[in-house]
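Enquirer: Read off the chains here:
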Amino acid sequence: MRNQIITKEFLSAMLKSLTKDYRVVAPVRNGKVLEFMGISGDTEIVMNDEIPYKSAKDCFFPQVEKLLTFKDGEVAANINAEKTIIFGMKPCDAEALRVLREVFLAGQYQDPFFQSHFENTLIIAVGCVREKPGCFCAERGIDKSFTDFCDILLNDEGGEEYTVVYLSEKGMDLLGRFEETKHILPPPERKAAETAPEVKKVELNQELDETAYFDIIDWGKATEICQGCGICTFICPTCHCFDLKDVSMQGATDRFRCWDSCMYPKFTLHASGHNPRASTKERYRQRVLHKYLYVPQNFGCTACTGCGRCIRSCPAGMSIRKVVEEVMEVQP
Amino acid sequence: MSFEIQKEKIKQICRELLEKGEVDVIIGYTAGEIEGTRIPYIFSKPEEADKLEWDERCTPNLCTYLHGRKDKVGIVAKPCDVRGIVNYLVESQLKKDKVYIIGVDCAGMKDDQGNPSPGCGECSVKQPPLYDMRVENPDVTNEKGAPPEAADPADLMEKLERFQNELQKCILCYSCRQACYGCYCQVCFMDRGVPNWQPATPDLGAKMVYHLGRAMHLSGRCVECGACERTCASGVNIRYLIKEISDFIEKTYGYKTGLDAEDQPVMTTYAFDDKEIGFLGGDADA
Ligand code: SF4
Ligand code: SF4
Ligand code: SF4
Ligand code: SF4
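Residue numbers (my numbering), protein chains in the order written: chain A, 1 to 332; chain B, 1 to 286.
What the hints contain is simulated information worked out from the structure, not anything from laboratory work. Keep in mind that the hints are not guaranteed to be accurate.
[To be verified] Derived pair list, reagent style EDC-like, types lysine to aspartate or glutamate, alpha-carbon separation capped at 20 Å: (1) A:K322 to B:D191; (2) B:K7 to B:D71; (3) A:K266 to B:D112.
[To be verified] Each pair of labels, with its calculated beta carbon distance range: (4) A:E102 to B:N142: 30 to 36 Å; (5) A:A13 to B:M267: 54 to 60 Å; (6) B:F248 to A:E102: 51 to 57 Å; (7) A:N30 to B:N142: 34 to 40 Å.
[To be verified] The following residues of chain A were derived to be distant from chain B, with all beta-carbon distances above 12 Å: (8) E35; (9) F104; (10) Q115; (11) N155; (12) G158; (13) E161; (14) T163; (15) I225; (16) L289.
A virtual CB, placed ideally from N, CA and C, is assigned to each residue, including glycine.
Using the sequences provided together with the hints, build the complete structure.
Expert: Written out as structure tokens, the structure is:
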């Protein structure tokens with residue numbers, strides 16, 4: 001591992017030089033918050049152990065994306081993702097992207113828009129030094145300093161340096177372009193024990209049918225303080241529900257895909273006026289079951305990586321971890 | 001008198017209220033999962049009062065949890081929470097016999113960095129204007145704090161620039177609306193299909209429509225609790241805009257929201273000597 005090192009100063013210069021050929025996204029201070037943003041030559045990239053308040057999922061699944069244009073009886077698809085490099089995704093973020101890939105690309109339907117973003121993006125992940133308040137990646141089976149769902153992985157050595165390994169050909173090629181990094185190697189083989197620390201996992205019993213969970217706890221009581229604001233879903237790296245909106249202007253119609261949230265009243269509102277998820281209780285239950293039961297049953301992975309964002313940003317102090325643990329105590 | 005002494009008093013009051021059956025539930029604060037945070041706590045057994053917390057991190061405005069409840073509620077209320085309750089009474093959103101107010105003198109709340117929580121720095125109502133039981137703090141007076149931030153620029157273009165700079169951070173999640181005690185419309189204008197106020201894309205225009213609409217709907221109704229600013233995960237501060245409207249209303253009509261339950265809502269009443277400036281295009285001196 002002796003030479004697997006680069007300085008933060010070099011990395012910063014390297015990322016900036018790459019803005020010539022790529023859109024480079026990195027953690028940047030935006031007012032009071034740290035956020036993944038596109039950088040330019042004079043942006044200050046934040047390279048400490050902080051985690052951006054919102055995930056980087058909008059690089060793959062933008063908050064608003066124009067999918068199709070209808071004009072004069074023709075339909076044109078808008079599939080032209082920019083070549084992108086993301087620096088600073090944490091292992092929980094990278095693992096969350098694995099979940100999104102399963103949902104958008106591995107199932108019955110493949111989403112060409114997501115695919116285009118996914119294939120055109122190179123991920124430089126950074127291991128966490130410390131767990132942040134609210135983090136529970138270990139309980140979700142994720143190693144805070146390692147993920148192989150990235151192209152290059154860095155780990156902060158506590159000073160001005162990162163250790164570096166590559167995990168894909170894309171990553172190797174990028175490092176090969178620089179004199180200072182072309183000798184970098186992939187990581188040594190890891191033993192299973194190294195990647196899976198011994199902690200009790202937070203998860204639901206995937207053998208059970210959803211109906212077993214509908215009244216398993218008093219969902220009304222568990223969600224009494226939730227304000228239904230939905231910020232938990234917007235900032236979550238795995239939440240992926242969307243709405244489609246058509247906008248007509250000057251003879252053409254554009255179809256947009258926009259983030260939606262199961263915590264919003266309109267999410268399940270029927271044209272008849274009936275709403276099958278009438279209150280916060282049903283909406284929050286859906287959020288938990290979607291992440292911890294439906295995605296596991298349909299795609300074989302849990303749609304929560306324990307990044308803790310929803311817990312840190314909830315104005316009411318709701319904790320999905322606590323709620324799932326409450327369910328675990330009584331589940332068969 | 002410290003928070004600690006007030007806390008013990010609050011616990012005792014809540015326990016007794018439940019024991020005597022004077023209320024069905026209590027809404028107060030307890031410890032959150034994240035170290036140091038205080039979160040809303042709704043409970044109905046006397047012994048559960050032991051988990052109550054009261055200190056300088058009790059920031060959430062609990063008044064919002066009263067809206068729509070059918071049971072009789074005891075509420076641990078900071079003065080800004082009380083102002084919300086008073087305005088619910090003024091706007092007929094709540095009946096006084098459905099709420100028991102434990103009004104707590106408030107020395108000011110802090111954020112996780114130890115700085116004054118949004119709204120607290122400039123707060124001038126630190127003693128509850130209405131209560132069934134008051135938990136005093138003799139060190140607390142209703143003295144006005146320092147103005148929190150630079151005044152809004154007078155120049156129109158600079159004003160616009162400041163507004164749009166804030167909006168650049170906004171992701172239109174509507175959390176600020178959900179956190180606001182005053183945003184209780186059954187269907188928010190932003191969620192309406194007919195007419196559709198929200199364009200397909202959350203661009204600057206959509207953000208301006210939302211924030212200006214919300215600010216106008218809160219004219220004379222904001223109780224300066226800071227919940228909207230504190231809640232915003234994206235660090236957007238639009239509260240200054242609403243504050244400016246409140247200051248205007250105080251100056252023009254001598255009305256401060258949430259101090260007197262006998263008041264009429266300021267924007268729905270009219271008096272012959274109202275100043276013309278309250279009307280669009282009105283003259284300041286007329
Ligand atoms: S759990 Fe928290 S963040 Fe999510 S909708 Fe409820 S109040 Fe908002
Ligand atoms: S549910 Fe919460 S903890 Fe889990 S991945 Fe989403 S934001 Fe992170
Ligand atoms: S100001 Fe903040 S809380 Fe309000 S909609 Fe915008 S991002 Fe959400
Ligand atoms: S607008 Fe903001 S400060 Fe005013 S009452 Fe609503 S949440 Fe509180």
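Enquirer: Next step is simple, just say for each hint if it's right about the structure.
Expert: Here's how the hints hold up against the structure:
no.	hint	result
1	A:K322 to B:D191	31 Å, violated
2	B:K7 to B:D71	25 Å, violated
3	A:K266 to B:D112	34 Å, violated
4	A:E102 to B:N142: 30 to 36 Å	58 Å, violated
5	A:A13 to B:M267: 54 to 60 Å	57 Å, holds
6	B:F248 to A:E102: 51 to 57 Å	54 Å, holds
7	A:N30 to B:N142: 34 to 40 Å	37 Å, holds
8	E35	8 Å, violated
9	F104	21 Å, holds
10	Q115	23 Å, holds
11	N155	25 Å, holds
12	G158	23 Å, holds
13	E161	29 Å, holds
14	T163	30 Å, holds
15	I225	4 Å, violated
16	L289	21 Å, holds
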